[in-house]
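S.K.: Each chain, letter by letter, is given below.
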Amino acid sequence: MSLLSRRATLASLGAIASAPLLVRWNPAKAAPAKFEPKPELVEAAKKDGEMVLYTAAFPEVMQDTISTFNKRFPFVRVRMVRASGGQLITRVQSEAAAGKLEADVLDHSDRGQTKNIEDLFAEYAPPNAADYMPETLVSPKLWPTITASWAIAWNPEVVKNPPKSWMDLTKQEYGDGQIGQVIAPSGGTTWTRVMFERQVLGEDYWAKQAATKPKLYPSGAPLSDAVVRGEVGIAPLLLNIVYPKMKAGAPIQAIYAPEGIPINPYGSGIPKSAKHPNAARLWMDWNLSEEGQADSILAQGNMTSLKTPPVNPPLYDPKTEKLWSPNFEQYRTLHDAWLADWNKTYGYRQ
Amino acid sequence: MDGQAASLHGVQTTSGRAGAPGRTQHPSWRWIWSGVLIAALAFLVIYPTAMLLLGALTTTNPVVEGVSVADVSLGNFLTVAGNPNVLIALANSMIACGGGTLLAVAIGLAFAWVVVRTNTPCKALIASAGMLPLFVPPLVAGVAWAILGSPRTGLINLVLAKIGIPWRFDLYSMPGMIFVFGIYYAPYVYMFTAAALRNMDPSLEEAAEISGASPTRTMATVTFPLILPAIISGMLLSFVVMLGIYGIPATLGTPANIPVLTTYIFALTAWSPPLYNTAAAVAVILMIVTGLLVYAQQRVLAGRSYTTVAGKAFRPRALNLGPWRFLTLGLAIVYLLVVVVLPSLALLIAAFRRFLFIRDIPSLFDMKQYGWQHFIKMFDNPLTVTSIINSMKVGLITALVGGVLAFAIGYTTTRTRAPLKRIIDVITTIPVAIPGLVIGVAYLWAWIGLPGGLYGTLWILALAFVARFIPDTVKALSTSLMQIHKELEEAAWICGRGMLGTVFSVVLPLARPGVVAAMTLLFILAIRELGSSLFLYSSGTMVMAVQLLGYYEGGNIGITAAFSLVQMVLLGVLIGFTNLLSRGAARGVVRSG
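Chains as they are written, first to last, in our numbering: chain A, 604 to 953; chain B, 2 to 594.
No lab work stands behind these hints: they were computed from the structure. This one's a predicted model, so the numbers in the text were calculated from it and none came from an experiment. Misleading hints may appear alongside valid ones.
[What the hints assert, rightly or not] Here are the in silico distance ranges between beta carbons for each label pair:
no., chain 1, residue 1, chain 2, residue 2, range
1, B, Leu293, A, Lys925, 52 to 62 Å
2, B, Leu349, A, Ala943, 41 to 51 Å
3, A, Asp939, B, Leu88, 30 to 40 Å
4, A, Asn719, B, Asn84, 20 to 30 Å
5, B, Val570, A, Lys875, 37 to 47 Å
6, A, Ser670, B, Arg360, 30 to 40 Å
Every residue, glycine too, gets a C-beta built ideally from N, C-alpha and C.
Only chain A is shown next, with the shape it has when bound in the complex (with noise of 0.2 Å):
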């Protein structure tokens, strides 16, 4: 890391503290930069051969961009090891301490957790560090290598009127079980962004979208299938598991809201114990660099947490939508009495 970069990456962490993240993005730039690692770099990965991946975003997700990552790359075999949120760190907690962590880079959309386990990391920081907006960074060792966002989806077999914004999901007439609902304490991305509908959309929020009567789900993949199949009309949902299905032609659509585009930055990092960690270094700066984020934006429908994307977002106007990131230390102080209201609001039973 450059002492630039590294002075750079420090700033931009004394702003973590602040207000949440609320932005509309710089236009995004006409094409993404190339990805050029240094040859020692590329030589160093070439004798690891191979690497172990860690993740909790979804396998299939991964699976592409594996497949991807290895098209420019094709001498580092990357394994993978999937696990809910959760689970991922219970096993890597465990491996750790019994000195049998197997991970070379570990994903987690937790950025809470990943923090709480910051000393399992090794010192690591991409080339463009500086280009990160800094109120996505948690921590020096921990970078998004994936941006999640939430958006507003339907099943346009079902809904001939779906919703326009956060608010219409309390109207009345999409009452009676037509919108289904992740449960908040399903991890990470839920949490941030019932964060949203209490700080931004207001106090009520909840109790008026709990009134439509919502049908829980515990997690967003079989909500997302639901939608498809419609059982339920209408959802908040990440869009990187609904744009893939949108692509694929299935009926569903999704618009973000006016209100606000809340984003769930990963927190990725490479462990000390890695034992490919040039394999694992160029896995981690090909997914941060400019061309890495543009294949997550474009095939999986991520956002990115870079300043100046490298390419416009499907479905995102930069004229009229803004993103939404929380506050981290709200984010890790308000999570259980916050959750403890959501689920009594929701009668979720926890």
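Got chain A sorted already, so can you dock chain B onto it with the hints?
M.R.: Same frame as chain A, now just chain B:
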């Protein structure tokens, strides 16, 4: 068994006679043998269970933070006991699994009787097809029935709407869960009871009939009482297996907001941050419930004789039903239609259809909507093939290692006077009570620190599966072993055979259907097992159950269904092959009951 039946069958146990098992062994060998078994069970069962209890009594991860006496408290239990939601989940579990068990016993027993004891046409085919639900992972079963019986989009409801019937099925309900539990776990009851019916000497029933008993009375007073251990074993196994199932209540109960203990426990482990210690405390409650049931089972069976295989050769008797055999055939076909054809059709539609939105009946037959895209995408993923190969390897290791261990335990506890056999029996039963989702992390905690390269290999998965399913395997074997009369072993001893010689030349051949069935069951359970795989698989040891969950959690029902079909076909082929191998001295229980 009542007095009348006991007097009719005329078979008595022979305990106390000269040459009884163990008499020829030096007492120290018996102690050594029991010690070896207890040591193996301590490693496989007691140590992980202790880690689980430790987890339930603390708020820490024992591997990460370590444990001190100061950490130990009943806090998790008090939290759980004071949470009304746990009681609701417990009550729902009891209702769903109790109802499901009653249905499974009714179906399984009737099915076994039709296949083994009647001249119903095509019964071998019916028997084979009837076992298919065993190959279907519960998650897939739930998904298949959600496709069929969802109140809004279910295919059955589309058909009802098309033909103008206003009534709708709603499987997102407690009756829906009971129905699916019942039909999917009927094969467990069937496996136990069919084996027992086949091994039962028909002269016992003939004696009843000669004495003037009607066929119904004979069935009620002779047949069913004689196979009571098999019925109760099948019933108990079904109940406790249902208690630990996540997939069916997750797909059918969760949309209707009906939590059960497993969905509650899964939520505890999946929330961010995960609450494993609380989940462990809930799991301990589940262990207590199951422990009480096992105790009740043993009280019911205590002091009775169920010996039905003696030295006299016989052939299972087939009741001539006359024209009524077509009624039993019709009922069997309806059962197969409901249990096999409808869900398989739902899976086929899901696997081949681009998207599972079906507007109406004509759109169901729009062939432009069908193709191989899900299979192509599935096999494009290198992890798919890796997981299939790994699952076959780990299934085979589990079946062989687990089969040998289960036979050793089953023989020791049912046919010898080895010391501490009661303790061995109790330890063997423990894992049945622990949900896989929780015991998985206990295995991780217990075994990750072992020296050597066990962690990260297929062997650690196989060991976990052997430990987790040892109660099922031992119960399946014990039923067969209990039915072999001791006079057969005594005859071998009188002829000069030693203990091991008798086991290999007499007991093992006679118990072969049970052994094959137990090992096949172990293979199937190992292939399907998700909970303990989740924490023990590594980047090189991905297995099918974890890969299937990955597809499901990815929200792609098409690939999930396609992978399920591949899994079903593979298991079907392998089990058919196993049964071919076991033909000859004994007919395979799984194939023909």
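S.K.: State for each hint whether it applies.
M.R.: How the hints compare with the structure:
Leu293(B) and Lys925(A) have their C-beta atoms about 58 Å apart, which keeps the hinted 52 to 62 Å range intact. The beta-carbon spacing between Leu349(B) and Ala943(A), approximately 44 Å, falls within the hinted interval of 41 to 51 Å. Separated by about 23 Å at the C-beta atoms, Asp939(A) and Leu88(B) break the suggested range of 30 to 40 Å. In this structure the supplied range 20 to 30 Å holds for Asn719(A) paired with Asn84(B), their Cβ-Cβ distance being about 25 Å.
Here the CB-CB span from Val570(B) to Lys875(A) is close to 45 Å, well matched to the stated 37 to 47 Å. Hint check: Ser670(A) to Arg360(B), Cβ distance near 34 Å, so the stated range 30 to 40 Å holds.
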